[in-house]
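These protein sequence lines are chains A and B, in that order. Yeah, the first sequence ends on 311 if you go by my numbering, and it's all consecutive. Yeah, the second sequence ends on 250 if you go by my numbering, and it's all consecutive.
Be aware that one or more of the hints could be misleading.
Straight-line alpha carbon distances no greater than 27 angstroms define the calculated DSS-like cross-link-like pairs of lysine-lysine that follow [what the hints assert, rightly or not]:
| # | chain 1 | residue 1 | chain 2 | residue 2 |
| --- | --- | --- | --- | --- |
| 1 | B | Lys107 | A | Lys196 |
| 2 | A | Lys275 | B | Lys231 |
| 3 | B | Lys196 | A | Lys221 |
| 4 | B | Lys243 | A | Lys282 |
| 5 | B | Lys241 | B | Lys231 |
| 6 | A | Lys56 | A | Lys196 |
| 7 | A | Lys275 | B | Lys243 |
Don't read these hints as lab results, they were simulated from the structure.
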Amino acid sequence: MANLIIAELEKSSLKSSVRQLITAANKLQGDNHLLLIGYQIGDALAQAKQLPGIKKILVVDNPALGDESPEKTTEIVLSIATNYSHILTPASAFGKNFLPRVAARLDMTQISDVIAIQDATHFSRPIYAGSLIADIEVTESIIPLTIRISAFDAVMGDEDNQAEITHLALPDLPQLSQRIALQLHESSRPNLDSAKIVVSGGRGLGSEENFHQLLEPLADKLSAALGASRAAVDLGYAPNDYQVGQTGKIIAPQLYIAVGISGAIQHLAGMKNSKCIVAINKDPDAAIFSIADYSLVGDLNEVVPELTSKL
Amino acid sequence: MKILVPVKRVLDYNIKPRAKSDGSGVELSGLKMAMNPFDEIALEEAVRLKEKNVATEVIAVSCGQVSSQDILRTALALGADRAILIETDYDLEPLAVAKCLAKLIDKEQPNLVICGKQAIDDDSNQTGQILAALLGWSQATFASKIEVTQDHLDVTREIDGGLETVHVSLPSVVTTDLRLNEPRFATLPNIMKAKKKPLETISAQSLQIDIAPRIRVLKVREPDPRPAGIKVDSVDTLIEKLKTDAKVIG
Ligand SMILES: Cc1cc2nc3c(=O)[nH]c(=O)nc-3n(C[C@H](O)[C@H](O)[C@H](O)COP(=O)(O)OP(=O)(O)OC[C@H]3O[C@@H](n4cnc5c(N)ncnc54)[C@H](O)[C@@H]3O)c2cc1C
Numbered sequence: 001m002a003n004l005i006i007a008e009l010e011k012s013s014l015k016s017s018v019r020q021l022i023t024a025a026n027k028l029q030g031d032n033h034l035l036l037i038g039y040q041i042g043d044a045l046a047q048a049k050q051l052p053g054i055k056k057i058l059v060v061d062n063p064a065l066g067d068e069s070p071e072k073t074t075e076i077v078l079s080i081a082t083n084y085s086h087i088l089t090p091a092s093a094f095g096k097n098f099l100p101r102v103a104a105r106l107d108m109t110q111i112s113d114v115i116a117i118q119d120a121t122h123f124s125r126p127i128y129a130g131s132l133i134a135d136i137e138v139t140e141s142i143i144p145l146t147i148r149i150s151a152f153d154a155v156m157g158d159e160d161n162q163a164e165i166t167h168l169a170l171p172d173l174p175q176l177s178q179r180i181a182l183q184l185h186e187s188s189r190p191n192l193d194s195a196k197i198v199v200s201g202g203r204g205l206g207s208e209e210n211f212h213q214l215l216e217p218l219a220d221k222l223s224a225a226l227g228a229s230r231a232a233v234d235l236g237y238a239p240n241d242y243q244v245g246q247t248g249k250i251i252a253p254q255l256y257i258a259v260g261i262s263g264a265i266q267h268l269a270g271m272k273n274s275k276c277i278v279a280i281n282k283d284p285d286a287a288i289f290s291i292a293d294y295s296l297v298g299d300l301n302e303v304v305p306e307l308t309s310k311l
Numbered sequence: 001m002k003i004l005v006p007v008k009r010v011l012d013y014n015i016k017p018r019a020k021s022d023g024s025g026v027e028l029s030g031l032k033m034a035m036n037p038f039d040e041i042a043l044e045e046a047v048r049l050k051e052k053n054v055a056t057e058v059i060a061v062s063c064g065q066v067s068s069q070d071i072l073r074t075a076l077a078l079g080a081d082r083a084i085l086i087e088t089d090y091d092l093e094p095l096a097v098a099k100c101l102a103k104l105i106d107k108e109q110p111n112l113v114i115c116g117k118q119a120i121d122d123d124s125n126q127t128g129q130i131l132a133a134l135l136g137w138s139q140a141t142f143a144s145k146i147e148v149t150q151d152h153l154d155v156t157r158e159i160d161g162g163l164e165t166v167h168v169s170l171p172s173v174v175t176t177d178l179r180l181n182e183p184r185f186a187t188l189p190n191i192m193k194a195k196k197k198p199l200e201t202i203s204a205q206s207l208q209i210d211i212a213p214r215i216r217v218l219k220v221r222e223p224d225p226r227p228a229g230i231k232v233d234s235v236d237t238l239i240e241k242l243k244t245d246a247k248v249i250g
């Protein structure tokens with residue numbers, strides 16, 4: 001049996017998370033097939049041909065598929081799903097949205113947020129905001145998995161993989177939903193999901209102006225992405241897609257700098273696997289210090305400008 | 001419009017969970033339990049739609065043990081009109097919960113289900129989507145704004161790159177994100193009134209569906225601890241350490 005990897009696209013290109021999905025799929029048995037769904041996705045197809053470890057590429061390129069509709073994506077996946085033992089997609093807003101629908105229609109149980117794959121039937125996943133890990137066994141005939149991208153390394157290399165390319169016929173598509181607006185937060189900074197360095201701010205920043213005036217120059221110096229705690233997002237200091245945590249983005253950059261963030265368990269869930277964690281907080285007892293590699297107790301209004309100027 | 005709100009009883013979000021010493025599960029005995037925070041938001045949204053005369057009835061449903069009656073009483077105090085417990089001793093997986101709900105929906109015929117996007121215990125983020133699929137309904141997950149039009153909803157969703165608005169046909173399943181609303185607290189008079197509201201119990205067995213677990217939990221354990229860090233007394237030391245020890249900046 002083979003593994004079906006469903007790639008996430010961004011505009012018409014492949015998201016880099018496909019490389020972590022391949023690493024995850026390589027821990028299972030059988031060939032890896034890659035499914036690309038969208039409209040005008042020639043670029044993604046060209047990129048897919050350069051990915052190591054892909055035997056077959058399945059493509060559905062159609063004007064009806066430009067908006068990542070979960071109802072439609074589900075029908076496409078179902079048209080081929082029974083040929084596979086495992087179906088893998090990122091545990092991102094994209095993957096979480098449609099894969100449970102696929103699993104339900106197959107009457108199979110989905111495993112969410114997989115952080116380790118021991119073999120084709122044994123997986124590990126975090127529960128309780130990552131406070132605990134469950135080691136589980138599933139022996140169903142098709143196993144849909146959403147993969148926590150930050151827990152796997154990207155597969156390296158790009159040379160022509162000689163994959164067989166198949167254009168799938170379009171199944172009947174339901175007309176249940178339609179995208180009517182998309183407000184993407186455009187930024188020249190690296191993507192929060194894939195950035196090597198992340199500067200993240202919390203309620204301690206005190207205002208939207210302070211959030212931007214203090215953290216942006218620091219992020220610029222470090223070529224870092226910006227992140228935020230839930231409190232900072234709720235207070236309007238930062239847009240929703242900056243949120244790091246149990247219910248936001250789960251990331252593991254090389255360096256995570258937490259500024260004015262107390263370290264609630266829901267926030268730690270999103271960043272505690274970062275390679276190096278720096279915490280700047282005026283409260284010496286802040287929980288964030290318990291997981292920081294480097295703890296600096298001080299007023300962020302003084303520490304952050306000093307740090308920026310000395311870098 | 002009739003709205004169904006599924007609610008789950010979970011460990012209070014302020015409590016740090018521990019694994020049982022034999023690794024067989026999570027230690028919950030004697031700990032404070034509460035309604036899943038995302039479900040509180042779902043319920044609040046449904047109650048607000050009723051207060052705006054958009055909804056006619058709000059039904060809270062929980063699938064679980066008898067103890068889940070306490071969060072159903074809370075739901076009634078927060079404004080649900082009636083509550084239903086689908087009772088079972090099984091630890092239900094998302095697919096099983098959705099199957100129970102689908103059976104109930106056959107009978108109750110709501111036009112809208114609003115549920116939390118995930119439960120903060122198993123963090124699966126599946127039940128709403130599974131339910132929509134089983135019913136053949138539209139879905140709108142991770143909602144931060146819901147507008148009801150004639151026979152449609154316009155729902156703003158929190159996605160990875162920003163916000164998306166989808167126009168979905170009714171009936172539909174909507175799952176809530178944190179910023180949809182701020183739930184109210186139950187007032188004492190409403191807690192008293194809730195005691196008189198109907199709370200019905202149905203046994204899950206009577207629904208004649210397969211709800212047996214399909215996942216075998218081999219072990220629940222703590223994650224590997226991070227090595228202890230150090231305190232740095234100045235920005236200069238911090239930069240020095242990041243450059244020479246951690247080697248994460250140039
Ligand atoms: C269901 C649920 C899901 C959640 N999901 C998430 C999530 O995904 N992500 C998330 O982040 N949170 C999440 N939360 C919220 C979480 O519980 C905390 O409320 C939140 O993380 C707190 O944000 P904060 O650390 O910015 O604010 P606070 O806890 O208020 O901390 C502010 C910190 O700033 C420090 N500070 C203040 N002034 C200064 C100064 N001048 N200099 C230096 N330090 C200063 C203070 O000492 C304090 O430690 C969730 C909560 C629930 C219930």
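Going through the hints against the structure:
Using a Cα cut-off of 27 angstroms, the hinted pair Lys107(B) and Lys196(A) is violated, with the two alpha carbons roughly 52 angstroms apart. This hinted pair checks out: Lys275(A) and Lys231(B) have alpha carbons roughly 17 angstroms apart, not beyond 27 angstroms. Taking the CA atoms of Lys196(B) and Lys221(A), the gap is about 62 angstroms. The hint is violated against a cut of 27 angstroms. For the hint linking Lys243(B) to Lys282(A), the alpha-carbon distance of about 24 angstroms falls within 27 angstroms, and the restraint holds.
At roughly 11 angstroms between alpha-carbon atoms, Lys241(B) and Lys231(B) fall within 27 angstroms of each other, so this suggested pair holds. Distance check on the hinted pair: Lys56(A) and Lys196(A) sit about 31 angstroms apart at the alpha-carbon level, beyond 27 angstroms; violated. For the proposed pair Lys275(A) and Lys243(B), the alpha carbon gap of about 14 angstroms is at most 27 angstroms, so the pair holds.
Figure legend: structure checked against the earlier numbered hints; hints not met, in rising order: 1, 3 and 6.
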